[in-house]
Amino acid sequence: MASTDHHAGHDEHATTTGITHNKMMMWSFLASDCMFFGTLIMMYMVYRPDMADLEIGPNQLLDIPFSSLMTFVLLMSSLAFVLGLSALQRGNHAGMRIWLSTTALMGLLFLGGETFEYLKFYDEGITIGSNIFGTAYFVTTGFHKVHVAIGVIWLLGLVLMSYRGRLGVENEEKVEIAGLYWHFVDIVWIVIFTFVFLVPYR
Amino acid sequence: MAQAVAAKEEQTDRWAIIWDWITTSDHKKIGLLYFWTSLTFFFVGGFLALGVRSQLAVPNSTMISPDVYNQFFTMHALVMIFLALMPMSVAFFNFIIPLQIGARDVAFPRLNSFSYWVYLFGGILLCSGFLFGDAPDIGWTGYASLSSAQYTPGASGDFYVMGLQVLGISTLAGGLNFFVTIINMRAPGMSLMRMPIFVWMTMITVVLIMLAFPTLAIALFALMMDRNFDTVFFSATEGSVVMWQHLFWIFGHPEVYILILPAFGIISEVLPTFSRKPLFGYSFVVFSGIAIAFLGFGVWVHHMFTVGVGPIPNMVFSTTTMLIAIPTGVKILNWLATLWGGSIRLTTAMLFAVAFVGMFTIGGISGVMHAAVPIDYWQHDTYFVVAHLHYVLFGGTMFGLIAGTYYWFPKWYGRYMSESLGKIHFWLTLIGFNLTFFPMHFLGVDGMPRRIYTYPSDYGYELWNLVATVGAYMLGIGMLLMVWNLIKSVRSGEPAPADPWDGRTIEWTTASPPAKHNFDATPQIRARDDFWDKKYNRTDEAEPPADEHIHLPPGSYVPLLVSFGLMLMGAGVIFTLWISVIGGIITAVGLFAWAFEPND
Numbered sequence: 001m002a003s004t005d006h007h008a009g010h011d012e013h014a015t016t017t018g019i020t021h022n023k024m025m026m027w028s029f030l031a032s033d034c035m036f037f038g039t040l041i042m043m044y045m046v047y048r049p050d051m052a053d054l055e056i057g058p059n060q061l062l063d064i065p066f067s068s069l070m071t072f073v074l075l076m077s078s079l080a081f082v083l084g085l086s087a088l089q090r091g092n093h094a095g096m097r098i099w100l101s102t103t104a105l106m107g108l109l110f111l112g113g114e115t116f117e118y119l120k121f122y123d124e125g126i127t128i129g130s131n132i133f134g135t136a137y138f139v140t141t142g143f144h145k146v147h148v149a150i151g152v153i154w155l156l157g158l159v160l161m162s163y164r165g166r167l168g169v170e171n172e173e174k175v176e177i178a179g180l181y182w183h184f185v186d187i188v189w190i191v192i193f194t195f196v197f198l199v200p201y202r
Numbered sequence: 203m204a205q206a207v208a209a210k211e212e213q214t215d216r217w218a219i220i221w222d223w224i225t226t227s228d229h230k231k232i233g234l235l236y237f238w239t240s241l242t243f244f245f246v247g248g249f250l251a252l253g254v255r256s257q258l259a260v261p262n263s264t265m266i267s268p269d270v271y272n273q274f275f276t277m278h279a280l281v282m283i284f285l286a287l288m289p290m291s292v293a294f295f296n297f298i299i300p301l302q303i304g305a306r307d308v309a310f311p312r313l314n315s316f317s318y319w320v321y322l323f324g325g326i327l328l329c330s331g332f333l334f335g336d337a338p339d340i341g342w343t344g345y346a347s348l349s350s351a352q353y354t355p356g357a358s359g360d361f362y363v364m365g366l367q368v369l370g371i372s373t374l375a376g377g378l379n380f381f382v383t384i385i386n387m388r389a390p391g392m393s394l395m396r397m398p399i400f401v402w403m404t405m406i407t408v409v410l411i412m413l414a415f416p417t418l419a420i421a422l423f424a425l426m427m428d429r430n431f432d433t434v435f436f437s438a439t440e441g442s443v444v445m446w447q448h449l450f451w452i453f454g455h456p457e458v459y460i461l462i463l464p465a466f467g468i469i470s471e472v473l474p475t476f477s478r479k480p481l482f483g484y485s486f487v488v489f490s491g492i493a494i495a496f497l498g499f500g501v502w503v504h505h506m507f508t509v510g511v512g513p514i515p516n517m518v519f520s521t522t523t524m525l526i527a528i529p530t531g532v533k534i535l536n537w538l539a540t541l542w543g544g545s546i547r548l549t550t551a552m553l554f555a556v557a558f559v560g561m562f563t564i565g566g567i568s569g570v571m572h573a574a575v576p577i578d579y580w581q582h583d584t585y586f587v588v589a590h591l592h593y594v595l596f597g598g599t600m601f602g603l604i605a606g607t608y609y610w611f612p613k614w615y616g617r618y619m620s621e622s623l624g625k626i627h628f629w630l631t632l633i634g635f636n637l638t639f640f641p642m643h644f645l646g647v648d649g650m651p652r653r654i655y656t657y658p659s660d661y662g663y664e665l666w667n668l669v670a671t672v673g674a675y676m677l678g679i680g681m682l683l684m685v686w687n688l689i690k691s692v693r694s695g696e697p698a699p700a701d702p703w704d705g706r707t708i709e710w711t712t713a714s715p716p717a718k719h720n721f722d723a724t725p726q727i728r729a730r731d732d733f734w735d736k737k738y739n740r741t742d743e744a745e746p747p748a749d750e751h752i753h754l755p756p757g758s759y760v761p762l763l764v765s766f767g768l769m770l771m772g773a774g775v776i777f778t779l780w781i782s783v784i785g786g787i788i789t790a791v792g793l794f795a796w797a798f799e800p801n802d
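Chains A and B are the protein sequences, given in the same order. Per the working numbering, the very first residue in the first sequence carries number 1; after that it's consecutive. Per the working numbering, the very first residue in the second sequence carries number 203; after that it's consecutive.
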């Protein structure tokens with residue numbers, strides 16, 4: 001998989017575009033992932049008009065200040081990530097570990113906040129099967145949560161690798177690729193946050 | 203180095219050979235695995251088709267029960283589309299693409315073997331419904347909410363959902379892999395506009411896969427949630443009953459182009475080679491391919507004209523559907539112009555390629571007929587549609603793939619396929635095909651609905667149904683002949699040189715069959731149809747020295763392990779969730795091993 005990284009110095013093994021296979025793969029995967037989220041968000045938008053009249057629906061349940069705070073945490077995690085990457089590129093391994101751990105921690109905080117919301121909804125009697133809002137909300141945000149959780153595991157794996165001395169400056173692209181994924185998950189959340197939380201239901 | 207690799211190849215121990223095939227990450231071996239597996243599934247699908255045709259041969263027939271009949275026509279479509287035609291295209295991607303772009307392998311060899319094993323296990327999962335007497339019987343479109351737990355309570359819907367879900371993972375992984383391969387691994391000098399047309403069409407196909415399969419995955423995921431976890435996505439009272447149709451066809455129409463574009467690519471290689479002319483209007487063919495892919499995302503409602511989405515959407519989608527005929531027509535004219543004035547050699551591959559142009563044009567024209575809303579109201583859900591789709595998928599895709607088989611077989615095995623058997627195969631197939639599917643136009647216009655179990659004797663359907671059934675058996679005999687030809691030629695075909703057809707593209711510069719490392723020296727590309735140019739126009743070229751650092755990835759059993767875990771995860775949703783947990787553990791362990799397996 002990393003065959004080209006090894007020979008990056010030799011011309012004959014360089015890739016056609018100059019971008020490594022791994023990074024190109026991540027970009028391609030994200031293009032595909034856009035369609036996964038795109039389909040879910042589109043479905044949500046189609047169901048949206050039916051949600052306003054529900055007995056227990058978004059107008060009764062959504063807590064915009066709280067979810068805004070969670071959004072802020074997730075967006076700031078992207079900043080922490082960039083600081084971590086920049087630390088590694090300057091050879092500052094301790095700084096990278098701190099910032100990447102911070103990023104993972106903020107991701108966990110976001111997951112915790114979302115779970116708190118899920119439990120709150122559950123207490124109000126909204127489950128995945130109770131009405132179309134429950135169905136669309138839990139599946140759309142749940143799909144995103146799975147992405148965040150994978151990102152957190154990935155980040156912690158990178159930190160672990162760094163502690164074991166297997167993540168040097170020459171491997172900074174490994175971190176960069178994880179970053180593409182993490183930023184993408186953040187950006188998708190902005191879209192979900194806008195269409196699920198912010199735009200009024202009427 | 204090259205000799206060392208070749209020596210390593212010579213394993214005589216039977217188990218070592220089997221283990222080598224199981225763990226292989228060589229694109230050529232994976233390509234052959236894909237080919238033989240998809241051919242096997244093609245015969246499974248063909249058997250189901252003959253079951254359907256036998257039942258319909260005479261009126262008021264009760265040869266098979268209605269329930270089994272429903273399973274037969276559903277599984278016929280699913281097997282043919284997802285287990286035969288698409289994977290057979292992928293077989294060509296695997297074997298041919300790295301050779302045509304001058305690469306040693308694909309970008310991610312282990313992911314490639316993963317794609318194959320997921321395909322095999324997913325196919326087994328989908329077909330295993332027959333073992334439980336509960337194969338999918340809801341039509342290949344699986345319209346929700348008719349396919350939800352309320353109306354399809356048995357396991358058949360679960361086999362449909364989980365089988366396709368697992369297969370989708372395989373397709374998506376393969377699609378991403380080949381996209382990166384084509385973008386990133388071209389030999390020096392091979393700019394985009396010097397790529398062989400087959401590479402171009404493959405690239406467009408994999409982009410369609412990357413963008414269309416996620417929609418199917420989400421739709422299947424939502425249906426799985428509806429069926430097993432009580433969500434209400436497609437519920438008639440709380441959700442939406444039209445939602446599934448939209449999602450399915452947003453995937454489903456690009457899927458049609460995923461099926462046909464590789465065949466376009468294949469015959470765009472075969473026609474120029476056997477006309478000894480460059481492809482007429484190369485850039486027109488490329489850009490009309492791109493236009494087809496782009497427009498392909500904007501036509502899905504033409505499958506839903508009778509649903510009642512309203513006159514304005516119907517009109518818009520009618521227009522876009524007719525528009526898509528323009529780039530398709532451009533291609534057909536380019537192929538004809540390629541033949542014009544060429545010195546034509548009517549080999550079996552060429553016969554199938556020429557037949558492709560004719561048969562696909564008939565299917566294309568009946569497609570434009572459906573594009574007109576008022577005509578579609580009349581033809582919708584009749585045998586006319588069955589005729590149309592078989593003209594594009596059999597007369598189109600399958601003819602293209604058969605042409606590709608005869609064309610590239612010498613490269614795969616270093617032997618020719620028998621031309622005399624091939625010609626008998628061709629005529630049986632062409633005549634059988636038209637006998638089977640042309641009468642369906644008449645049946646459709648006479649109002650015979652598709653997917654119907656039987657029909658009364660006084661409707662005037664008897665003659666053409668009988669003709670179609672006779673044609674179907676003829677087609678079956680023709681395909682059996684092809685298998686005989688394949689097996690015979692693998693064993694004792696006439697040995698073929700590296701360049702058996704006086705080819706144009708660089709896969710013909712390698713030995714037949716190619717060495718494990720494909721090329722001794724990285725090819726330097728100086729023209730479109732580089733090999734032809736080198737043979738006939740360039741005299742000054744010195745052979746580049748052989749590469750000293752040939753790097754080939756080792757084999758790995760991990761992809762097989764992960765694929766097996768994925769199948770268990772899918773099976774668990776059908777039977778009991780404990781199996782999913784076991785599958786999840788196997789997958790997780792496998793992925794961990796994958797990430798840390800030394801791969802250099």
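Since the hints were made in silico from the structure, they are not lab data. One or more of the hints may lead you astray.
Some chain A residues well away from chain B (every beta-carbon gap over 10 Å; in silico) [unchecked claim]:
1. Thr-17
2. Phe-36
3. Val-46
4. Asp-50
5. Ser-78
6. Gln-89
7. Gly-112
8. Leu-119
9. Tyr-122
10. Asn-171
11. Val-191
Below 25 Å or equal to it, Euclidean Cα-Cα: the simulated SDA-like pairs (lysine to any residue) are [what the hints assert, rightly or not]:
12. A:Lys-145 x A:Val-159
13. A:Lys-145 x B:Met-426
14. A:Lys-23 x B:Gly-757
15. A:Lys-23 x B:Pro-756
16. A:Lys-120 x A:Pro-200
Below, a sample of chain B positions facing chain A; criterion: calculated Cβ distance under 10 Å [said to hold, decoys possible]:
17. Ile-303
18. Leu-313
19. Leu-378
20. Ile-385
21. Thr-417
22. Ala-419
23. Ala-421
24. Phe-423
25. Ser-437
26. His-448
27. Phe-496
28. Val-791
29. Ala-795
30. Ala-797
Where is the CB? At the ideal position from N, CA and C, for every residue including glycine.
Here's how the hints hold up against the structure:
A beta-carbon of chain B comes within 10 Å of the beta-carbon of A:Thr-17; the shortest separation is about 6 Å. Against chain B, the non-interface label of A:Phe-36 is violated: not every CB pair exceeds 10 Å, the least being about 4 Å. Non-interface status of A:Val-46 relative to chain B is broken: a Cβ of that chain comes within 10 Å, the nearest being about 7 Å off. Listed as a non-interface residue, A:Asp-50 fails to keep its Cβ farther than 10 Å from every Cβ of chain B; the least gap is roughly 8 Å.
Even its closest Cβ contact with chain B, about 24 Å, leaves A:Ser-78 beyond 10 Å, as expected for a residue assigned away from the interface. Remark: the non-interface label on A:Gln-89 is consistent with the geometry, its nearest Cβ contact in chain B lying 23 Å away (cut-off 10 Å). At roughly 23 Å from the closest C-beta of chain B, the C-beta of A:Gly-112 stays outside 10 Å, upholding its exclusion from the interface. A:Leu-119, annotated as away from the interface, keeps every beta carbon of chain B farther than 10 Å; the closest lies near 18 Å.
Every Cβ of chain B is farther than 10 Å from the Cβ of A:Tyr-122; the closest lies at roughly 14 Å, confirming the non-interface assignment. For A:Asn-171, the condition that its CB be more than 10 Å from all CB atoms of chain B holds, with the nearest at approximately 14 Å. Every CB of chain B lies more than 10 Å from the CB of A:Val-191, the least distance being 15 Å, so the non-interface label holds. Our distance criterion of 25 Å between C-alpha atoms is met by A:Lys-145 and A:Val-159, whose separation comes to about 21 Å.
Proposed proximity of A:Lys-145 and B:Met-426 is supported: the alpha carbons are some 19 Å apart, at most 25 Å. Distance hint between A:Lys-23 and B:Gly-757 is fulfilled; the C-alpha atoms sit about 23 Å from each other, no more than 25 Å. Taking the CA atoms of A:Lys-23 and B:Pro-756, the gap is about 22 Å. The hint holds against a cut of 25 Å. Taken as a hint, the A:Lys-120 and A:Pro-200 pair is honoured in the structure, with Cα atoms around 21 Å apart against an allowance of 25 Å.
Taking 10 Å as the C-beta contact cut-off toward chain A, the hint placing B:Ile-303 at the interface holds, the least distance being around 9 Å. Checking B:Leu-313 against chain A by beta carbon gives a least distance of about 8 Å; that is within 10 Å, so the hint holds. Hint on B:Leu-378 holds. Least Cβ distance to chain A is approximately 5 Å, under the 10 Å limit. For B:Ile-385, the shortest C-beta to C-beta distance to chain A is roughly 6 Å, which falls under 10 Å, so the interface hint holds.
Satisfaction of the interface hint for B:Thr-417 is found here, the shortest Cβ-Cβ separation to chain A being roughly 5 Å, below the 10 Å cut-off. Interface hint status for B:Ala-419: upheld, as the beta-carbon distance to the closest one in chain A is roughly 7 Å, under 10 Å. A least Cβ separation of about 7 Å between B:Ala-421 and chain A falls short of the 10 Å threshold, and the interface hint therefore holds. At its closest, the beta carbon of B:Phe-423 sits 8 Å from a beta carbon of chain A; the interface hint therefore holds under the 10 Å criterion.
Interface restraint check: B:Ser-437 against chain A, minimum CB-CB distance 8 Å, threshold 10 Å, status holds. A cut of 10 Å between beta carbons decides the hint on B:His-448: the least distance to chain A is about 8 Å, and the hint holds. With 10 Å as the threshold, the beta carbon of B:Phe-496 stays out of range of chain A, its nearest partner Cβ sitting at about 15 Å, so the hint is violated. Among the interface hints, the one on B:Val-791 is violated; its C-beta lies about 15 Å from the nearest C-beta in chain A, farther than the 10 Å criterion.
Checking B:Ala-795 against chain A: minimum C-beta separation of about 13 Å lies over 10 Å; hint violated. For B:Ala-797, the suggested interface contact is upheld, since its CB lies about 8 Å from the closest CB of chain A, less than 10 Å.
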